[in-house]
Amino acid sequence: GAVVSQHPSWVICKSGTSVKIECRSLDFQATTMFWYRQFPKQSLMLMATSNEGSKATYEQGVEKDKFLINHASLTLSTLTVTSAHPEDSSFYICSARGQPNPSSGNTIYFGEGSWLTVV
Amino acid sequence: QKEVEQDPGPLSVPEGAIVSLNCTYSNSAFQYFMWYRQYSRKGPELLMYTYSSGNKEDGRFTAQVDKSSKYISLFIRDSQPSDSATYLCAMGISNFGNEKLTFGTGTRLTIIP
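Heads up: the protein sequence lines correspond to chains A and B, in order. All residue numbers for the first sequence refer to our numbering, where the first residue is 1 and numbers rise by one. All residue numbers for the second sequence refer to our numbering, where the first residue is 1001 and numbers rise by one.
Just so you know, the hints here were simulated from the structure itself, not pulled from any lab data. One thing to keep in mind: the hints can contain errors.
[What the hints assert, rightly or not] Taking lysine-lysine and the DSBU-like style, the derived pairs with C-alpha atoms no more than 30 Å apart in a straight line are:
hint	chain 1	residue 1	chain 2	residue 2
1	A	K14	A	K41
2	B	K1002	A	K64
3	B	K1002	A	K41
4	A	K66	A	K20
5	B	K1042	A	K64
6	B	K1002	B	K1070
7	B	K1002	A	K55
8	B	K1100	A	K20
9	B	K1100	A	K55
10	B	K1042	A	K20
11	A	K41	A	K66
[Claimed, not checked] Reference listing, derived: stretches of chain A covered by chain B, where coverage requires no fewer than 3 residues with Cβ under 8 Å from a Cβ of chain B:
hint	segment
12	43 to 55
13	109 to 119
The beta-carbon is built from N, C-alpha and C at its ideal position, and this holds for glycine as well.
Next up, chain A with everything else stripped away, as it sits in the complex (with noise of 0.2 Å):
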């Protein structure tokens, strides 16, 4: 099953408005956890690396003000995307480093992914 889940799965939004995505490490301590976006038939790409307790390290390109990432404890990370516009929606993914059990690697897990369409 799932190690790293996120939520919500879907959004819709107006434009204008923020939304909030939540990831969670399920069962294990993530001290690490990525942020990444992709467009349809494209690779992910890497918005910002988010560790527990400190600020987010954005990638370049991506505008700090506007995807607000709050790393607050060890099993939880947010991607708040503000002042959504059209050209926001994409799907969003989360990733965390960890080692959900004994007999898995401590290597790093993907979220299901949250699908943003602003409207």
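Take the given structure of chain A and dock chain B to it, following the hints.
Only chain B this time, still in chain A's reference frame:
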């Protein structure tokens, strides 16, 4: 030159065939290597990961890493229609707590029944 090169396909093979997926990379600093499978409109699912050169097997999947040639492969034996998906290679560096994963573009694979 991209850090990680992966043929986007599409690749179509008959059911039961052996599938070979490959990536090359240019950054010798990469420390670990992963393969993910991504179904349409879903997040990537981890298939295999390894930190060293050589082969690693898990069921029908074998991951192969050749650090000297900067080349990684994923083999799928006895391919099934359910294996139809996009396969992403990924490579990572972890440096003093800073970590970054670099992905290939993904190969779209279709297994024909």
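The hints, checked one at a time:
no.	hint	verdict
1	A:K14 with A:K41	holds, 25 Å
2	B:K1002 with A:K64	holds, 26 Å
3	B:K1002 with A:K41	holds, 18 Å
4	A:K66 with A:K20	holds, 12 Å
5	B:K1042 with A:K64	holds, 26 Å
6	B:K1002 with B:K1070	holds, 13 Å
7	B:K1002 with A:K55	holds, 29 Å
8	B:K1100 with A:K20	holds, 24 Å
9	B:K1100 with A:K55	holds, 16 Å
10	B:K1042 with A:K20	holds, 19 Å
11	A:K41 with A:K66	holds, 24 Å
12	43 to 55	holds (count 5)
13	109 to 119	holds (count 6)
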